[in-house]
Amino acid sequence: MKWLIALLMFLFAAPLIAQGALPASPYADQQLTDPNKEAEARALMDELRCLKCQSQSIADSNAPMAGDMRSQVRERIAAGETPEEVRSWLIERYGDWVSYNPQVNALTWPLWAAPLILLTLAVWLARGRFRRRKDK
Amino acid sequence: MKRWLLWVPLGLFAVFFAIVAAGLMRPKDNIVESKMVGKPIPEFTLPAAVEQRPALSNTDLAIGEPQMLNIFASWCVPCIAEAPQLLELEQAGVKINGIASRDTPQDIANFLNRWGNPYTRIGTDVRSIVQLELGSSGVPETFIVDSKGVIVHQHVGDIRKEDVPELLKIWKDAG
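Chains as they are written, first to last, in the numbering used here: chain A, 1 to 136; chain B, 1 to 175.
Just chain A, same shape as in the assembly:
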């Protein structure tokens, strides 16, 4: 009985209900009618970080704010904006942090350059070793 009451109390926890008292934004969980635009919006949602639950994308998150962001993404893409324009709009407000797909800039270029540099270094080192062995 006790656990039943506890369970009921969780069910009726007021803050949870209050935050969800409003209907979700129109396109939070509703697809766009144009399948191409829906695919574009969907791909972008997978790459945008939820602001409330910071390790999830907005496509993954059930937070009301993530729903509002999904709706914004769909509405902006339906209105003719490109996914990159929507992404820049959010980056302008929240910083690079909001996008899971980092843009190349003065701070992030090592992400792309480091593997190339390391690979070149590795080939150069390996070459040295192989050559020495041949000399013997």
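Careful, some of the hints might be misleading.
Capping the alpha-carbon separation at 27 Å, the derived lysine-lysine pairs in DSS-like fashion look like this [as the list claims (entries may be wrong)]: (1) B:K161 - A:K52; (2) B:K169 - B:K148; (3) A:K52 - B:K28; (4) A:K52 - B:K35.
Short, incomplete list of chain A residues facing chain B, as computed with Cβ under 7 Å [said to hold, decoys possible]: (5) L22; (6) S25; (7) L51; (8) P64; (9) M65; (10) D68; (11) R93; (12) Y94; (13) G95.
Keep in mind that the hints were calculated from the coordinates and are not lab data.
The C-beta atom is built at its ideal place from N, Cα and C for all residues, glycine as well.
Add chain B to chain A, keeping to what the hints say.
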């Protein structure tokens, strides 16, 4: 090959280890700072949240005197905690504009009746549209806007007693 070169990989590993260890020991920081600080307040128009207070748009925030913009919600517990501090700021002469996030008129009215109403204007943002425009990621958050409508400061989370003097100073300097 020079002997000291042998130690380079170990040295690199030590650097890597130090960076990872420092990252693990630093306390987690979930605060998302808005990149809108330093920029003019974005364009928006919000309908009035309650009958007693007028609606809010960006033009109300560029009227030749510095103001505060507080994002709150009736379902937000820290918003109750900061209510006395907002009233204190209002007493000190600060014009505070409110944005009610994802809320119903009835709940907002109850919240204001119970915890006080420091707001000059209150707009209702049922779909977080203005919140996203402002680069805000939750409630409560408070922005200070200068006399020309440029955002000069963002305070993330509830305003504690000890935050009031600093906020007042920033507000005065924004005049």
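- Message: Taking the earlier hints as the rules, which of them does this structure contradict?
- Response: When the structure is compared with the hints, none of them turns out to be violated.
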